[in-house]
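S.K.: Got chain E sorted already, so can you dock chain D onto it with the hints?
Letter by letter, the chains look like this.
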Amino acid sequence: MIALGGKMIPCYTVQRNLACIQRTVGGVRWTSSCRPAPLLTASPVRALIDDKISIRGHFLPPRCPVTVCAQMQSDDGDLWEAFAHFNTNSDGTVNLTRDPSVGGSYLGCEPMGLLWGLQPAPGAREGLRQAEKKKVETPYVMLMSLLKGHVSPSERPSTELAAVTAERWYMAPGVRRIEIRQNGVVGTLFLPPGPGPFPAMLDLWGMGGGLVEYRSALFASRGYASFSLAYIGHKDLPGPQNLINVGDPYYKSAFQLLQDHPQVYPDRIGIIGLSFGVYLALRLASHSGIKPSCLICINGPAGSTIKLADADGRTEQTENDQKYWTYDDQGNVSFRAVSLPANLSPESKVKLEHLTCPLMYIVGEDDLSASSVENANLIEETLSAAGKSQLLTRLSYPGAGHLIEPPYTPNSRASLWSVKPQKLVTLWGGHLAPHAAAQEDSWKKILEFMETNLRH
Amino acid sequence: MSMKPLCVKLSVQPSRGLVDEKFTVLVQNLLPGFQLTVHALHQCEDGHSWEAFAHYTTDATGTVNVSQDPSLDGTYSGVEPMGLLWSLRPVPGSKSGLRMRKMNVLTPMVVTISVYQGHQMEGFLDRVSLASVVVERWYMAPGVRRVPITDGKLTATLFLPSGAGPFPGLLDLWGGGGKLVEYRAALLASHGIASMALDYLTPQITKETGKMVDNDYFETAYRVLEQHPQILGSRIAMLGLSFGTSVTLRMAVYSQDVKLSCAVCISGSHVQPIGGSVEQILAYFNGNADKTRFDENNQVIWRDLLLPIPTDPSLKVDMGRLQCPLLLVVGEDDQNWPAHECAMDMKEMMERAGNSHLLTVLSYKNAGHLIEPPFMPFARASTFKTVTNPPTKVMALWGGELVAHSRAQEDAWRKMLVFLRENLYGGMKHGASFSNL
Numbered sequence: 000m001i002a003l004g005g006k007m008i009p010c011y012t013v014q015r016n017l018a019c020i021q022r023t024v025g026g027v028r029w030t031s032s033c034r035p036a037p038l039l040t041a042s043p044v045r046a047l048i049d050d051k052i053s054i055r056g057h058f059l060p061p062r063c064p065v066t067v068c069a070q071m072q073s074d075d076g077d078l079w080e081a082f083a084h085f086n087t088n089s090d091g092t093v094n095l096t097r098d099p100s101v102g103g104s105y106l107g108c109e110p111m112g113l114l115w116g117l118q119p120a121p122g123a124r125e126g127l128r129q130a131e132k133k134k135v136e137t138p139y140v141m142l143m144s145l146l147k148g149h150v151s152p153s154e155r156p157s158t159e160l161a162a163v164t165a166e167r168w169y170m171a172p173g174v175r176r177i178e179i180r181q182n183g184v185v186g187t188l189f190l191p192p193g194p195g196p197f198p199a200m201l202d203l204w205g206m207g208g209g210l211v212e213y214r215s216a217l218f219a220s221r222g223y224a225s226f227s228l229a230y231i232g233h234k235d236l237p238g239p240q241n242l243i244n245v246g247d248p249y250y251k252s253a254f255q256l257l258q259d260h261p262q263v264y265p266d267r268i269g270i271i272g273l274s275f276g277v278y279l280a281l282r283l284a285s286h287s288g289i290k291p292s293c294l295i296c297i298n299g300p301a302g303s304t305i306k307l308a309d310a311d312g313r314t315e316q317t318e319n320d321q322k323y324w325t326y327d328d329q330g331n332v333s334f335r336a337v338s339l340p341a342n343l344s345p346e347s348k349v350k351l352e353h354l355t356c357p358l359m360y361i362v363g364e365d366d367l368s369a370s371s372v373e374n375a376n377l378i379e380e381t382l383s384a385a386g387k388s389q390l391l392t393r394l395s396y397p398g399a400g401h402l403i404e405p406p407y408t409p410n411s412r413a414s415l416w417s418v419k420p421q422k423l424v425t426l427w428g429g430h431l432a433p434h435a436a437a438q439e440d441s442w443k444k445i446l447e448f449m450e451t452n453l454r455h
Numbered sequence: 000m001s002m003k004p005l006c007v008k009l010s011v012q013p014s015r016g017l018v019d020e021k022f023t024v025l026v027q028n029l030l031p032g033f034q035l036t037v038h039a040l041h042q043c044e045d046g047h048s049w050e051a052f053a054h055y056t057t058d059a060t061g062t063v064n065v066s067q068d069p070s071l072d073g074t075y076s077g078v079e080p081m082g083l084l085w086s087l088r089p090v091p092g093s094k095s096g097l098r099m100r101k102m103n104v105l106t107p108m109v110v111t112i113s114v115y116q117g118h119q120m121e122g123f124l125d126r127v128s129l130a131s132v133v134v135e136r137w138y139m140a141p142g143v144r145r146v147p148i149t150d151g152k153l154t155a156t157l158f159l160p161s162g163a164g165p166f167p168g169l170l171d172l173w174g175g176g177g178k179l180v181e182y183r184a185a186l187l188a189s190h191g192i193a194s195m196a197l198d199y200l201t202p203q204i205t206k207e208t209g210k211m212v213d214n215d216y217f218e219t220a221y222r223v224l225e226q227h228p229q230i231l232g233s234r235i236a237m238l239g240l241s242f243g244t245s246v247t248l249r250m251a252v253y254s255q256d257v258k259l260s261c262a263v264c265i266s267g268s269h270v271q272p273i274g275g276s277v278e279q280i281l282a283y284f285n286g287n288a289d290k291t292r293f294d295e296n297n298q299v300i301w302r303d304l305l306l307p308i309p310t311d312p313s314l315k316v317d318m319g320r321l322q323c324p325l326l327l328v329v330g331e332d333d334q335n336w337p338a339h340e341c342a343m344d345m346k347e348m349m350e351r352a353g354n355s356h357l358l359t360v361l362s363y364k365n366a367g368h369l370i371e372p373p374f375m376p377f378a379r380a381s382t383f384k385t386v387t388n389p390p391t392k393v394m395a396l397w398g399g400e401l402v403a404h405s406r407a408q409e410d411a412w413r414k415m416l417v418f419l420r421e422n423l424y425g426g427m428k429h430g431a432s433f434s435n436l
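Protein sequence lines, in the order shown, are assigned to chains E and D.
Each residue of the first sequence is one higher than the one before, starting from 0 at the first, in numbering that gives the first Met the number 0.
Each residue of the second sequence is one higher than the one before, starting from 0 at the first, in numbering that gives the first Met the number 0.
Chain E on its own, in the form it takes in the complex (with noise of 0.2 Å):
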């Protein structure tokens, strides 16, 4: 601390007080006549999701602190944030996909850091999960500013050098949005632009149930017909809504409006699954008679995690359920146990004996929600012992957490699960770095797998 006119001011600020009066405090000029002002670019400035964007400051003095901010506002308003520290190099450039982050959101040369960063900002709400866009067909808009100095986006004034906005898409121009409520089939179809007839994915989410579009929407913006199925928590299915209520029916049914739609392949159809939605592409794959071309299994049991109430699939109330929940400390709920293969209700383990196509496997080594090493040493074992082994590609990242989803979008290792009977925060696991790389790496080899799979 210094004394300054007898009022206490940290060192730091003093320094950076002394840097706006004089411009050329440890020989730095910020601004010069020989150079033009400052520019921060993104490339491309009007991305998808999943594309890498190159992100980079131009004109700037050599080796100096900057700071690149990046913000974002989610459908629902929450404001999120992320920065990374900077020294500029020789010839006066930071290059993101080129230089190491010395501090902030995250620490080394991540190219995308600034993107799977984005932490709620701070006075933002409780236990935001933030990578689930309602509003597939608009874009993010990401604000990205360049800052003079190593601070932290909170701290004012800051002198903002140049600004740029970038858009991220989850549809690509062209792709349709259909919505079917059809055969009492409640779902989204995504098709790719242009005449078809196109590949085909039928995508399953988990217990949080609703209808979850992005990961569909990106598949067609990748050239996939893909189709996302509600099967609880939907107001347009049968009740109640913390119930599954519809069975392998419904299911084969949503399949086959696939298979009968006029611009999908009818022999080119995979499912994938994450979370209770791996049983579900599991038992549809070994039991019902529909044939698949590929299973992409994230994080997800082999068997059900709840009681079935019929053969179908159904399932029925019970307060079993929670006996397997755990706590933290801080009264954070962990449902990893549940589907530990010792506590899935036998009779609806998949026979995966009977599976005739490719799986694929990824599991996430830190899932707080589910317990998918377990369950993927299981199917590992079941195939071996029926001779199918070569059937399987397991992919296992450590310190990946349950959501793997699409890439370059923040994973939040908890967030709030329910608000009634009583506030609860559940924990999804994983750890930012490496969940982020595990994203990148599994979508990669997801769509290759598709490619593989469903185009060849």
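Do not rely on the hints blindly, as some may be mistaken.
Said to hold, decoys possible - Calculated lysine-lysine pairs in the DSS-like style (CA-CA distance at most 27 Å, straight line): (1) D:K21 x E:K443; (2) E:K290 x D:K8; (3) D:K8 x E:K51.
Calculated from the structure, these hints are not laboratory results.
What you are looking at is a predicted structure, and each value in this text was computed from that prediction instead of being measured.
M.R.: Just chain D now, with coordinates in the frame of chain E:
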């Protein structure tokens, strides 16, 4: 073991770009040596359809990359990454004399790029393509704001770049066709320059009073820019095309109120009765109307109206008095204005006066009159409605040859942006944001 039919993959990156951004068109997953046609289709705002196409053959990996592989035939040939856009032409059966101009800049230009089997020359709309994608081309980058301006009885639109600013400013003038044409100003704002498109031949005030505007109209526009809280009053440029050049040069040299950091003049001339009003300048041109020529297709050639270049100094802007950097862009095949000859005369005047260090001339062989932002389709002639009372509709010959003109547009735009940035941003005394180059 059944052979599944091949599932062709077509991608365009970026699928959403700015109008002056390049894209990569990639066709994959076909057999090697496969003959295909890549086709572009655009329906413009007035409902007309435009198309371009090119013939390719896949390489050993079954791939065509339009940025690297040569087109064997079509609306363009050779290796032309952006040929699918600049060679767009009205589909067979369209009206003649069409010119593509986007008037609503808030929405993108939508182009459908498709792949057809075989080397096709026509009938695309009756065939089923193998694959097709949609590409959006935007005049406005994200965050650019469109602000209609009515102060001071102006008919204008201001485009502010994204960010806090302050930004350098620019006054953007089109030519003798009048109307409020916004797309170039929107694009310049996407490059960090707060730009105001100004309608000065058919503004609201002229429609109401019947009187043409004069110098004070332009000075008002300049002042609106100068006083805008997000614009650096000391960094304002002017850009004029065709008749807009006449106004720009007059303001740059003679106006007491307008102090320009630099000026860009495209396809224009310094020939005008100095001290005359806008109306009088137009009258001077009309006075030479007997020099109008017609080509073999009855298309109007107006370039001779200003030739020979007068020696009388009262009929030319005194270029020796210019005090700011000037970029002249001219097409040597301009059939509408004798832009090249005027550029040479301006150069000579400035050399004699000793201020030629301010002048840069970009002169393009076989380029015509309408040198516009790049990758836009080319019109060698199109219907033109004069702003006279009553207006007359003619088929004006602009000149230029497709490939040379398209290259000129690309080169000129790039150099214009560099010129503007150097003169508007060089030596800033305090932080200004320049988002997006």
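S.K.: So if I understand the rule, the pair passes when the alpha-carbon distance is 27 Å or less; does K8 (chain D) with K51 (chain E) pass?
M.R.: The given pair, whose Cα atoms are some 20 Å apart, holds under the 27 Å limit.
S.K.: Would the pair K290 (chain E) and K8 (chain D) pass a check requiring their Cα atoms to be no farther apart than 27 Å?
M.R.: 24 Å, holds
S.K.: Would the hint linking K21 (chain D) and K443 (chain E) be met if the CA-CA limit is 27 Å?
M.R.: Distance of about 25 Å is within 27 Å: holds.
No hint from the list above goes unmet by this structure.
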